[in-house]
Structure formats: C-alpha cells, structure tokens
Amino acid sequence: MKIFKRLLLIFSIFFVVLIALAIILPIVYKKEILAKTKEEINKNVRAKVDFDGIDLSLFSHFPNFTFKLNDYSVVGIDDFEGVPLAKGESFAFTVDLWTLINRKGPFQIKSIYMEKPDINVLVRKDGRANYDITIPTDERIKEEAATTDYSSFAGELQKYAIHQANLVYDDRSMDFYMGIKDMNHSGKGNFTIDVFDLVTHTDMAELTVKYGGISYLKKAKVDYDAIFNIDQKNSKYTFKDNVLTLNALQLKTDGFVQLKGNDIGMDLDFSTPQSDFKDLWSM
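Note that this note's numbering has the sequence shown beginning at 16, numbered continuously upward.
Since the hints were made in silico from the structure, they are not lab data.
Since no wrong hints were added, every one of them can be taken at face value.
Straight-line alpha carbon distances no greater than 30 Å define the calculated DSS-like cross-link-like pairs of lysine-lysine that follow:
id, residue 1, residue 2
1, Lys-131, Lys-51
2, Lys-196, Lys-140
3, Lys-83, Lys-203
4, Lys-196, Lys-236
5, Lys-102, Lys-83
6, Lys-234, Lys-131
7, Lys-131, Lys-203
8, Lys-174, Lys-267
Cβ-Cβ distance ranges computed for the label pairs, FRET-style:
id, residue 1, residue 2, range
9, Asp-147, Lys-251, 24 to 32 Å
10, Gly-68, Asp-278, 41 to 49 Å
11, Met-281, Asp-238, 18 to 26 Å
12, Met-189, Asp-133, 20 to 28 Å
13, Gly-228, Lys-131, 25 to 33 Å
14, Asp-94, Lys-236, 35 to 43 Å
15, Met-189, Asp-94, 13 to 21 Å
16, Gln-273, Asp-147, 19 to 27 Å
17, Tyr-184, Asp-238, 15 to 23 Å
18, Lys-203, Lys-248, 15 to 23 Å
19, Asn-59, Thr-287, 36 to 44 Å
20, Asn-59, Val-183, 22 to 30 Å
Don't be surprised by glycine CBs; every beta carbon is placed ideally from N, CA and C.
Using the sequences provided together with the hints, build the complete structure.
What follows is the structure in structure tokens.
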C-alpha cells in the first residue's frame with residue numbers, strides 16, 4: 016500500500032511538473048524562437064514577409080513543440096513589387112523539444128502544417144518568376160559564415176499537411192494556366208533517410224488547366240491516394256500504389272521519374288482500372 020501511495024505521489028508530481036512546463040516553456044522561448052524565425056526568413060528570401068502574431072504550444076503535438084505564424088503574407092519586391100506570392104490563415108511547424116532546451120545545435124523541424132493558404136505564382140513572358148525569391152547560395156554562405164556556425168533550423172521532417180489551399184499558376188512564357196480551389200494534401204515519411212516511402216493523399220474541389228488557349232480540364236474534381244518511393248541521393252521518385260480520380264475517370268501510374276543534372280529521365284506507364292470510355296466525358 017505504501018509503495019502504491021509513493022508511486023501515486025511521484026506520478027502526481029510528474030504530472031504537475033509537465034503541466035507547468037507546458038505553460039512556462041512557450042513564454043520562456045517565445046522571443047527566442049520569433050527572433051530566429053525572422054532571422055532565418057530574412058536570411059533566405061528577397062520579399063516582404065509579414066505575419067500578425069505567433070502561437071506557441073506544447074500540447075498540440077506533444078512531445079514536440081508547436082510554433083505557429085498567424086495571418087502571414089509574402090509579397091514581391093523589385094520587378095514584382097506589390098504582387099502577392101502567398102498568404103494564409105496560419106503556418107505551423109513542430110520542433111523537437113530537446114533541441115530547443117539543449118541549444119547546442121539547430122532546432123529540428125519534425126512536421127509542417129498550413130491552413131487556408133492562397134498561393135499565386137506568376138511567370139512573365141521573359142521567364143522571370145515571382146517565386147524566385149531565394150538568396151543565392153554563395154551569398155547566403157558568406158552571410159552565415161559571418162554570423163553563426165550553424166543554421167537556426169534543421170530538417171528532420173516526418174509529416175506535413177495543407178488544408179483548404181487555393182493555387183494559381185500563371186505561366187505567360189508558355190501560355191499555361193492552372194487553377195486549384197479548396198485543396199487538401201498530406202504526406203508522411205521519414206525524410207531523414209536517403210530512401211523511404213512517402214504516403215500521400217490529395218483532394219481538390221476544382222482543378223482547371225489551360226494550355227495554348229485550349230481548356231483541358233475545367234473545374235474537375237480530384238482525389239489522389241499515392242505512395243512514392245523517394246531516393247533522395249539519386250533524385251529518383253518511383254510510383255508505387257496510387258489511384259488518381261478525375262471526376263469519374265480513374266488513372267493509375269507505374270514507373271519512375273529521375274532528375275539528372277538539367278535532364279529528366281522517366282519511364283512511366285498509365286492505365287485506367289475500373290473505368291469505362293464514357294468516363295472520359297466526365298472531364
């Protein structure tokens with residue numbers, strides 16, 4: 016009986032300490048994480064990045080620490096002055112709690128979540144694109160060497176999710192347009208190793224595709240479950256179990272795509288399981 020009481024006491028103390036840490040840690044580390052986030056953004060992009068506030072929590076994805084930017088926006092400068100690239104309700108990522116407490120290395124990002132993002136990609140006729148906002152690697156290396164021994168964040172990604180996204184891709188150099196409304200997409204895989212399976216799900220309320228003045232898809236409904244084998248070292252992406260549904264038409268893809276320098280190698284085979292010719296008219 017005494018042993019039980021001691022165990023109960025120890026558990027109670029542990030629980031109280033855990034709750035206290037969950038409340039105190041967001042307050043203690045809020046300024047530090049905010050400063051590192053702004054530093055990392057400004058160090059890597061040429062654009063106007065803004066957000067209204069941040070939320071920190073140990074409860075949302077325990078035991079990882081959750082950091083969320085609210086009402087963020089990314090707007091172009093120079094040639095794309097005032098042209099919006101992205102905005103959204105929230106952008107969140109989880110950080111390994113131990114790397115936050117240890118402070119001897121970069122924060123390890125475990126997962127990323129986006130709520131209601133609106134993304135607007137514009138490519139002009141001369142090929143200039145509003146998404147080309149990253150600072151060249153050589154410039155970034157010089158800046159990092161002068162300020163710190165390591166990056167503030169390190170990728171240990173295992174999961175990501177995008178909810179209710181809208182996307183416009185307007186490439187005027189190719190006369191190509193793609194519009195997506197109300198897209199949900201999620202992926203899960205161990206990005207920390209060279210070869211792994213990425214399990215994904217995607218659904219879209221509307222997909223519109225135009226090329227050369229011809230409309231190929233108009234407000235098509237999309238549902239896509241797919242598993243990809245990712246070989247990061249060799250830049251090879253193999254299609255495994257996957258089914259793409261466009262309105263009533265089902266498509267299956269087998270094969271792979273591989274990036275080799277400036278070249279793209281591929282061996283793909285498409286089939287239509289459980290689909291009739293009449294399903295083509297649903298497009």
